[in-house]
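Chemist: Given next are the chains, with one letter for each unit.
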Amino acid sequence: MNGIRFFIGVLVLCVAAVMPSCNPAPLEVNLQEEAPKLVVSSQIIPGDFMLVTLSRTFSPLKGEEQKDDTSNAFLQSVLVNRARVTIEYNGTSDTLFRVTSGVYMSTQVLLNPYTEIRLNVYDSLNGDQVQAVSFIKPRVSLSSVNIDIEVRASDTLYYLAYSFDDPSEDNWYLTSVLHIDSSRTLAQNNADIFSGESNYIFEKTESDRSFEQVSSRVEKRERLLGVKRGDTLALVFSNISFEYFDFLEARNRSEGLIPIITGEPINYPTNVQGGYGFFNTHNPDIRFFLVP
Amino acid sequence: MIRAFFFILITGLLQISAAQTITISGSVSNELHELSIGVVVREIKTGKTVKTNDYGFYSLSFIPADTIELVFAQFGYQKVKKIFVPPFPAEIKLDIQLEESAKLLKEVVVKGKRPVDVKEEVNSTQMSAVTIQAKEIKNIPVLGGESDLIKVAQLMPGIARGSEGSTGMYVRGGTDDQNLILMDEATVYNVGHLFGFFSLFNTDAVKNVKIIKGGFPANYGGRLSSIVDVHTNDGSDSKYAVTGGVGLLSSRLTVEGPIKKEKLSFLIAGRRTYIDKVAGLVNIPLPYYFYDVNFKLKFSPNERNKFYFSNYFGNDVMEFSDERRSAAIGFGFRLGNITNTLRWNHIYNSKLFSNISFISTRFSYDINAEYSGRSFVDTSLNELSKTSLFVRSKINDLGIKADWDYNLNKKHQMKFGWDFIHHNFRPNLVSTAGDISEFINSKDALRLSTQEASLYINDVYEPKKIIAFDYGLRWSNAFVKGAYYSGLEPRFSIRYSLTPSSSFKASYTRMRQYMHRVTSSSISLPTDLWYPISANLKPQTANQVALGYYLGWDKFFTNFSVELYYKEMTRLIEYREGARLFLNESFEQELVIGNGRSYGAEFLLRKKEGKFTGWIGYTLSWAKRQFDDLNKSMEYFAKYDRRHDISLVAMYDISKKVSVSGVWIISSGSRITPIKGSYFMPNTTFSGIEIIPLYGNRNALVLQPVHRLDVNFIIKSIKVRKFQGEWHIGAYNFYNRAAPYRTNIVSTASGYTYQQQGLFGFIPSIAYNFKF
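Line by line, the protein sequences are chains S and Y.
Read left to right, the first sequence gives residues 1 to 292 (the working numbering).
Read left to right, the second sequence gives residues 1001 to 1772 (the working numbering).
In short, the hints are calculated from the structure, not lab data.
Even for Gly, the Cβ is constructed at its ideal location relative to N, Cα and C.
Keep in mind that the hints are not guaranteed to be accurate.
[As the list claims (entries may be wrong)] Now the in silico label distances, taken between C-beta atoms and shown as ranges: (1) 143/S with 1447/Y: 24 to 30 Å; (2) 1484/Y with 288/S: 55 to 61 Å; (3) 47/S with 1484/Y: 39 to 45 Å.
[Unchecked claim] Straight-line alpha carbon distances no greater than 25 Å define the calculated SDA-like cross-link-like pairs of lysine to any residue that follow: (4) 1676/Y with 1753/Y; (5) 1464/Y with 1547/Y; (6) 62/S with 1696/Y; (7) 37/S with 1031/Y; (8) 204/S with 1753/Y.
[Stated by the list, open to error] Not everything, but these chain S residues come out facing chain Y in the computed CB check (under 8 Å): (9) 31; (10) 112; (11) 152; (12) 223; (13) 236; (14) 254; (15) 267.
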């Protein structure tokens, strides 16, 4: 019996040794990559300003390289700095000014609901231009925000409870909770931008068709993971357009294990004509608070 | 159209034959008394030919000449010739037993006698079909040395392979779930072991397999693209026999014999992989194995009645656990099929034969995972948590099927019958506890029940020797919650003989499909579930026309065929990009509906007899899809579209003791959706950025062509009494060439670049088979 075991063991080891050496050499392939195009993103800070960022698409090979690049030099190389960026609404036009690399700002944004805002971008360096149109959705404000604390024998659990009134028409909501760890410095918290780490506790997109409440008042309660007393939280709550909801859903679907296993390609929708990204004009309700 | 069809049917049937017509009927079996399917029965003087049906029964009516010369022939068996002289009775009952041709192989070659089935393939009305015998399956080299009928089927023209080494079949531009896989008439829902790398068919238990790609007879239905009809051995009712084999990955053993001689016989065949045990001996944890068992009973109380009970069950099992000081993890799954078929064959008279089958099928899987230790959801917690997940899904079928073969007269061979299947689906029973229940809720499984019923009639009408019609009609129905679907499926084939050894054939068929498998577009998993159509989801249909030219070279025992086909498919199902299918009961929201079409040409040159056998198959094909919600509504190529596909299969008997076989394939490369760029996108609050990939048109990139050589040597040992052993020594991917299936970005000395990865390289194999 021992002899048989020894023989089988040797056989397995031989096979194990031979198999990796028999992996066929991979074959080269040339992929036709697309010429760089402009990428747009935007953000409204209520009562203050609108930010528009501009960058260019790049080769996935370059994207792979930048993972090893901690200097942000690659990011700087794809940001667009010589562009004329204008927004038009209600017959008026406003030219945005550049505040830093790839970031353009307007301080005169009207936030009247249902206003159509048209974005025009002309990149004077390459001659590329893109347009996008977005409507301002009515702002939905939070009615209440509370942190519920559940003290257990060995741990304390934190919950975020918030409510709002859902208007009668179809709406789509984006809820984000950001976390500033009190045990880390501001610089450390800010450094997460390029490191791939996220300072989100959670983010969710929802259609009001999925709500089960009878009245217009919607009440939510979410577990806050990894927070502790003294941390700062920011709750960002937005009534977003269906098109932007669709864009975020594509992003959500591309996350997780299954898309990685299946290699399923997911194309993100865009409202940018001639480019990529998304020009959105939702008007968020932002609340900051300290974990008690 | 339908009136005309019935007119032809009825007027055809009314042509009653002359009084001098005689009928010869009976059954054909092999030396183990197992009934033989597809044996060619030919009356030489009149040229009248039939094949034994799926139950080994034949019936031949004709007006005899001065003498009757009846020949029975099948690949791998010695021909049997019977001569009758006048006076002839009106009916002759004749049961035949065939003997293996190995003993007479040389004689066959030297005399150069024409095997009848060369001609039969030319003269049959059936087109777009291939039959593969167990012997061929066992001799052809495949991955890991494990003989596999699905892998052999993939070498036939018109059948595209899925990813390398998998048992996926994509027939004439169809999808993998458009193949009806039958084992002794029971539907098999998941044909793969080991994530699809091996099929569940134990070749020691398989008698033969018939694959129909088009020109479907009316007795088949339920899938759009192909029928794979697998028949298992009955078990000898005359003597005991044992066959088996020991391979690198698995071993198998089959025992058969009489319980009561020539009345009651049994067959039991088992197989198990033992890579887990072997790896365990050298302390490598590999907690995975699969096993399967085929069991069959045959009872022949008298000449007119035979009863069969077939059972298959098999499971893939994984049981992994790891316990350390801080945490314990357990993960496992068990997935498998069970099929049961109880058949009753009854011979009413020399012209009428029936088969009644009661069928049950079950496919199920269980997944369980357990974790105990620090919370993985909130790592800041001190309290230890215990988390568990259990998922179960299953599908159960119960069905009854009745078929009659009626040899109306010398010009008409009829089939008619009906079937009924009750499907019971229980997808996604979920039970969770602990942390994971914050994300996945426990829930009872949905209960979905549907019923399928169909009625068919089919007639082969041969008004003259040079022309024959095969026409039939199938009426299929499906009852689902809130909806009833029904449709007529006409089937029509014509054969026109140009010469005694060449013919032209054409066919038209319509197929409907009332089930589909929920799977990702890029990879099939064993946990993919089958779902029925619904009130919102209508049945898929396919219309196919095919034209063919067939030639039999008597001198070389060889057939040649070329077929052209065009197939249109409607209401095909795909899943929108990034669809969430796992544990998703609202999966219908993830579906998109579209159409497909495929066309192409298939060439097959096949030699079935002699020292040298094999085939060359070439397929030139296009497979396209159009979905309003995919690829910007533009038509695109299907995932397994292969422009060119060549298979060369050769088996040569070097001597009585040594044989060699080889397979060389070359085909156009796989299709993938290429990545064409990336971009940075700030997250929703501008507090971070992420990289988003940009993809090109769906399936637009063709990877490099695939070519591969597999070889196998068979060395037989000296027969000692009844014991015969043989060594199979082979190699998969002999010259170690990558068969690309995806692209990766890799770092090289000159920077980052794209590369195409292959899955399997050179894999040697050795196995020892025996029988006594």
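Chemist: Hint by hint, say whether it matches the structure.
Modeler: We went through each hint and held it up to the structure:
1. 143/S with 1447/Y: 24 to 30 Å: Taking Cβ atoms as reference, residue 143/S and residue 1447/Y lie about 41 Å apart, which means the hint is violated.
2. 1484/Y with 288/S: 55 to 61 Å: 59 Å, holds
3. 47/S with 1484/Y: 39 to 45 Å: 60 Å, violated
4. 1676/Y with 1753/Y: Roughly 13 Å separates the two Cα atoms, so the pair holds.
5. 1464/Y with 1547/Y: 21 Å, holds
6. 62/S with 1696/Y: Roughly 18 Å separates the two Cα atoms, so the pair holds.
7. 37/S with 1031/Y: 73 Å, violated
8. 204/S with 1753/Y: Cα-Cα ~36 Å, so violated.
9. 31: This hint holds: residue 31/S lies near chain Y, its Cβ roughly 5 Å from the closest one there, short of 8 Å.
10. 112: Hint on residue 112/S: violated, closest Cβ of chain Y at ~23 Å, above 8 Å.
11. 152: Result: holds, 7 Å to nearest chain Y Cβ.
12. 223: It holds, given that the least Cβ distance between residue 223/S and chain Y is near 7 Å, below 8 Å.
13. 236: 5 Å, holds
14. 254: 6 Å, holds
15. 267: 5 Å, holds
Of the numbered hints given earlier, the model fails hints 1, 3, 7, 8, 10; all others are met.
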